[in-house]
Amino acid sequence: MRWGAAVVLAALVAFPFVVPDATYEHTVMLLAFLVAIQAISWNIISGFAGYISLGHSVFLGIGAYTAGILSVEWDVNPLVLAPLSGVVAVVVALFVGSVVLRAKGPAFVIITIAMLLSFQVLAVNLPAVTNGSDGITLELPTWGRDVGNIPFYFMFLGLMVLAFGFSAWIRRTKFGTGLVAIREDEGKAAAIGIPTTLYKSLAYAASAFFVGVAGAVYAYFLTFLNPLGAFNILSSVTIVLAALVGGKGTLWGPVVGAFVVSFAGEAATVYGGGSQSRLLVFGLALVVIVLFLPDGLLPAVRRLFAKRHEVEHTDHTAARRPVTIVTRAPAEPRTDPLLEVRNARKAFGGLTAVDGVSLTVPTGSVTALIGPNGSGKTTLFNLVTGTGGAHTGEIRFDGERIDGLAPWARAHRGIGRTFQLTRLFKGMTVLENVVAPLAAFSPAVLASGAVTGHEADRARELLDLVGLGRFGAEPAGSLSYGQQKLVELAQVMVLQPRLVLLDEPAGGVHPDLVDRITGIVRAGAEQGITFLVVEHDIPLVLDLCDPVFVLDRGKVIASGPPGAIREDPAVLGAYLGEVSG
Amino acid sequence: MTQAVQTVALGVLIGGVYALMAAGLTLVFGIMGIVNVAQGAFLVLVAMLTWKAWQVTGIDPILLALATTPLMFGVGWVLYRLVVVRVRASSPAMSMLLTFGIALTIEGLLNVTAGNYFRSATPPYFAQSFTIGSVVLPKAQVYGFLAALLVLGLLYLVLNRTWTGRAIRATAQNPSGAALVGISASTVAALSFAIGAATAGTGGSILAVLYPFFPASHYDWIAKLLGIIVLGGMGSLRGAWVGALILGLAETITATYGSPRWSTVVFYAVILLVLIVRPHGLFGTRLREDAVA
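These protein sequence lines are chains A and B, in that order.
Numbered by the working numbering, the letters in the first sequence go through residues 222 to 802 in order.
Numbered by the working numbering, the letters in the second sequence go through residues 557 to 849 in order.
Hints were generated in silico from the structure; no laboratory data involved.
For glycine and all other residues, C-beta sits at the position ideal for the given N, C-alpha and C.
Keep in mind that a hint or two might mislead.
To be verified - Restraint ranges, calculated between C-beta atoms of paired labels, are given here:
id: 1; chain 1: B; residue 1: Leu829; chain 2: A; residue 2: Thr244; range: 44 to 52 Å
id: 2; chain 1: B; residue 1: Leu710; chain 2: A; residue 2: Gly781; range: 54 to 62 Å
id: 3; chain 1: A; residue 1: Glu615; chain 2: B; residue 2: Gln729; range: 27 to 35 Å
id: 4; chain 1: A; residue 1: Gly353; chain 2: B; residue 2: Val822; range: 14 to 22 Å
id: 5; chain 1: B; residue 1: Val822; chain 2: A; residue 2: Pro304; range: 28 to 36 Å
id: 6; chain 1: A; residue 1: Pro304; chain 2: B; residue 2: Leu829; range: 25 to 33 Å
id: 7; chain 1: A; residue 1: Thr244; chain 2: B; residue 2: Thr678; range: 47 to 55 Å
id: 8; chain 1: B; residue 1: Leu693; chain 2: A; residue 2: Thr244; range: 56 to 64 Å
id: 9; chain 1: A; residue 1: Trp295; chain 2: B; residue 2: Leu705; range: 51 to 59 Å
id: 10; chain 1: B; residue 1: Arg644; chain 2: A; residue 2: Arg366; range: 53 to 61 Å
id: 11; chain 1: A; residue 1: Phe513; chain 2: B; residue 2: Leu829; range: 37 to 45 Å
As the list claims (entries may be wrong) - Some but not every residue of chain A turned toward chain B, in silico, with C-beta under 8 Å:
id: 12; residue: Gly271
id: 13; residue: Val320
id: 14; residue: Val321
id: 15; residue: Pro327
id: 16; residue: Ile331
id: 17; residue: Ile334
id: 18; residue: Ala335
id: 19; residue: Val342
id: 20; residue: Leu343
id: 21; residue: Phe503
id: 22; residue: Val508
id: 23; residue: Pro515
Starting from the given sequences, assemble the full structure and let the hints guide the process.
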């Protein structure tokens, strides 16, 4: 791929020198570069992070208007203002993103369309600044007519290469893997310490920058700006279509797609009855691509040429090394509780799932939380980890009140969890899954490499600990259910947790693997990690845990050492349906 | 004072029509998790059909809803069974891109067949008004409001008083539970998509009288409707009604006390403010997403 790209790039650089008079061809090419710049940028928020922007050309318009207005105002060349145009686009994206991207789901897409239309309205309605519908006329390019559009050709080509390098760099950083994690499972990403709102907002900002810069160049190229042309929905459609055709989420897909779509669109205009039919063709193409080629051209071609996947067991020969669990548990033993829940209450509509629960988890203990199905155990977990939404009551971790904190902030304080049904990032390899968690966050984390040597070693150690060292290079989705639970456990350990919440660690798992899981819990407890376990396997719980809390219909009905729980009539009543008294 | 009453009354009338159009959109989202971006294009398509039928036959455009509503129900059903059903298993983003593609296709077809210029159906009462005291209400606006209210009422009855309605609401709340008690998920999905399209049938016929339209108008409409359901909370019917009312009032109040040019921007500003306070909209809920055994 790399050599092929180098050859194509060399050909693109040589093209205007070889055929200097082909102004039409130069223009077609430079417009394709422009689509590529936008599709590559779009791919950062919509391909990597999975948040589709349907109005992405708004940043082209913002960049163009910034350069247009200021170049007239300050009497400077629009090209000088190109970096500023990029910055303005970034600022707008950051503002809108930080408001809209706090929620998950489709609200974002909707706002992106609304934003495009709003800016169009603003450009019409603020004639004092934008000259309204009449538009802005910029100065003509300073170079002579004989060079035609060749300078623009090289500017857009250069921007395309820069945008590509930027996107490729992001994909290789921790930030990039975090975005993919958000795309695959956002709730899980937050639970392993990825600050999702910040990541999404930054991704949106990153996807705006080069589009804004290109907007300034585009304004100079057109030398005329008006609201309808600058904030054009069809340009946005072209971006989406280009990325989809090539393969969204891939590195090269948007580039390939941009050329395919640009040339096809040009051909449709020239041979297919003018620009009237362009919309129809693009609409139908979008429908067809979504239905029949949802992954895009590149992945489809790759699948065609891919050899049969041979299972490659890395670390196969590595002996089981003695491993240590790295913790940040304090050295001296302590008596105060690590986790305290006071009078927590959470209702879903009329159903009160957690009804005034108070419980304490002693530091260093393996505490159990048992109860019949629907008694509120997982909901309580969600309250502790911060994925449960608003509730009343207090939750304290190591004395600090945490119930107002975001899920990732709680993970950074040392709370890790596994899920009732495992939630690995199925598209990533096992090793990538284990490396994904962030034990702490600082701006420097964003730019650091996705998998550093030290982290990979540490992840392999942990995979060895759970006995899955051989499977590091496998896709996580290919493992058995029990193995996935073990990988999830290794993932949690990367957080260097002080408290680990296990949601039914033995549920649906082969007995051999259950032994391995309990072994790891015991080893972890010896190292000072505190566990809170939800489990239905009562003999296992009574063997492993002390103390035990019993929930029924959202209330704690019993608590104490396992021996006492075994005999408690209220507990027997709750499980066996007898009338408790 | 009169001006204030007039402004609010007009806002409510407009809001009622918006509520009908947005109800179909939020219903489909609530049940299927699909944002039907083609809803705006459905509206414009129906407006164009209504206009043509009114031109040819002279039948009242709003009365034509009696024909366009069942027609769009059928179109929605077929479109779901043939096309939309194929993306049910894909991510919400893909289904959105699909319906976006459908919207563009409809716009493109209208461009090629009907031409790219403004139209408006103008029945005899078009320029007339009811006068109550000193408050003046355009007849077309009142008729449109009444038609919208009628269909919204029917929708409410179907959802709350019939077995079909209970099946739809059950599927929205818990698809696997609904399947276990014998509700066919695919039939319910087709039905709700068809109902969503049917609301665009009535809405489109009303639109033909109340607003001038051309093929690309569907962007403005879908942006309004999506804004309404984001504001109200996605999937919430009550949210759609409240959101529609807010949009109607925002438009008339901005138009009376400011300038109509700013009404859209004011509405989006309201949405942004609401989202700052309530990221999931007014009536939006965040559900537990990890599965329960």
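Consistency of the hints with the structure:
{"no.": "1", "hint": "Leu829/B with Thr244/A: 44 to 52 Å", "in the structure": "holds (49 Å)"}
{"no.": "2", "hint": "Leu710/B with Gly781/A: 54 to 62 Å", "in the structure": "holds (59 Å)"}
{"no.": "3", "hint": "Glu615/A with Gln729/B: 27 to 35 Å", "in the structure": "holds (31 Å)"}
{"no.": "4", "hint": "Gly353/A with Val822/B: 14 to 22 Å", "in the structure": "holds (19 Å)"}
{"no.": "5", "hint": "Val822/B with Pro304/A: 28 to 36 Å", "in the structure": "holds (33 Å)"}
{"no.": "6", "hint": "Pro304/A with Leu829/B: 25 to 33 Å", "in the structure": "holds (32 Å)"}
{"no.": "7", "hint": "Thr244/A with Thr678/B: 47 to 55 Å", "in the structure": "holds (49 Å)"}
{"no.": "8", "hint": "Leu693/B with Thr244/A: 56 to 64 Å", "in the structure": "holds (59 Å)"}
{"no.": "9", "hint": "Trp295/A with Leu705/B: 51 to 59 Å", "in the structure": "holds (55 Å)"}
{"no.": "10", "hint": "Arg644/B with Arg366/A: 53 to 61 Å", "in the structure": "holds (56 Å)"}
{"no.": "11", "hint": "Phe513/A with Leu829/B: 37 to 45 Å", "in the structure": "holds (42 Å)"}
{"no.": "12", "hint": "Gly271", "in the structure": "holds (6 Å)"}
{"no.": "13", "hint": "Val320", "in the structure": "holds (6 Å)"}
{"no.": "14", "hint": "Val321", "in the structure": "holds (6 Å)"}
{"no.": "15", "hint": "Pro327", "in the structure": "holds (5 Å)"}
{"no.": "16", "hint": "Ile331", "in the structure": "holds (4 Å)"}
{"no.": "17", "hint": "Ile334", "in the structure": "holds (6 Å)"}
{"no.": "18", "hint": "Ala335", "in the structure": "holds (5 Å)"}
{"no.": "19", "hint": "Val342", "in the structure": "holds (5 Å)"}
{"no.": "20", "hint": "Leu343", "in the structure": "holds (7 Å)"}
{"no.": "21", "hint": "Phe503", "in the structure": "holds (6 Å)"}
{"no.": "22", "hint": "Val508", "in the structure": "holds (4 Å)"}
{"no.": "23", "hint": "Pro515", "in the structure": "holds (6 Å)"}
Of the numbered hints listed earlier, not one is contradicted by the structure.
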